[in-house]
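Produce the entire structure from the sequences given, and follow the hints as far as they go.
FYI, UniProt numbering numbers position 101 of the sequence shown as 101, with every residue one higher than the one before it.
Any given hint might turn out to be false.
Unchecked claim - Now the in silico label distances, taken between C-beta atoms and shown as ranges:
hint: 1; residue 1: 109; residue 2: 32; range: 35 to 45 Å
hint: 2; residue 1: 29; residue 2: 121; range: 17 to 27 Å
hint: 3; residue 1: 97; residue 2: 69; range: 30 to 40 Å
hint: 4; residue 1: 54; residue 2: 175; range: 16 to 26 Å
hint: 5; residue 1: 23; residue 2: 83; range: 19 to 29 Å
hint: 6; residue 1: 199; residue 2: 80; range: 30 to 40 Å
hint: 7; residue 1: 202; residue 2: 85; range: 19 to 29 Å
Rather than coming from a laboratory, the hints here were simulated on the basis of the structure.
For each residue, glycine too, the CB sits at the ideal point set by N, CA and C.
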Amino acid sequence: MNTDIDHLIIAADTLDAGAAWCEATLGVEPGPGGQHPLMGTHNRLLNLSSPAFPRCYLEIIAIDPAAPPPGRARWFGLDERPPGPPALWHVVARSTMLDMHRWGLIHKQADPGLPLDMARGDHRWQVLVRPDGRRQGVLPSLIQWHGPHPADRLPASGLQLRSLQLDGLPVAQRDVLRLRGVGGDPAAASRLTAVFDTPRGEVTLQTP
1 MNTDIDHLII
11 AADTLDAGAA
21 WCEATLGVEP
31 GPGGQHPLMG
41 THNRLLNLSS
51 PAFPRCYLEI
61 IAIDPAAPPP
71 GRARWFGLDE
81 RPPGPPALWH
91 VVARSTMLDM
101 HRWGLIHKQA
111 DPGLPLDMAR
121 GDHRWQVLVR
131 PDGRRQGVLP
141 SLIQWHGPHP
151 ADRLPASGLQ
161 LRSLQLDGLP
171 VAQRDVLRLR
181 GVGGDPAAAS
191 RLTAVFDTPR
201 GEVTLQTP
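Here it is in structure tokens:
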């Protein structure tokens, strides 16, 4: 069973810094988002859907200074992120069989985390998050939507995800996920590289 790229994550010190970075780097202003009370974060979103990556979006995320401490590690390794300029940080893959993919990764010596039930408005989803919140190299976090998908409601942004490469993702884990449209060298150093079509032309981003 295949998985698909669901969204790319830009991590920022503040949401305002992330929005300013988006306009300066990609040439567009991000749309609205919301809060994640369970994680103490908030976000803004942009549609990235393209023929190669349908139903895909960009998430600019930051720790919400107005939220109480979550009492647990935040997702996507945000607690381990050092202060600095906004940057491509992580990728989330979409599954329609979350439990199957979770156990498949566990059997390949990866710990994708436990399923958490999340909701905002009429959006409902499950996402795998490790208790320590950490990322595992370029291994995508896994999500399964139940109901509307954000990209179906986001207006066209002028951005499209052209290509995505996950270098350093072990072959065994890649075989479990069967990510559609994603390249990469398993023997290379861990790095996520995304190429976008933007109003300013082609833009390439890489994880730090």
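Q: List in ascending order the numbers of the hints, as given earlier, that are violated by the structure.
A: none
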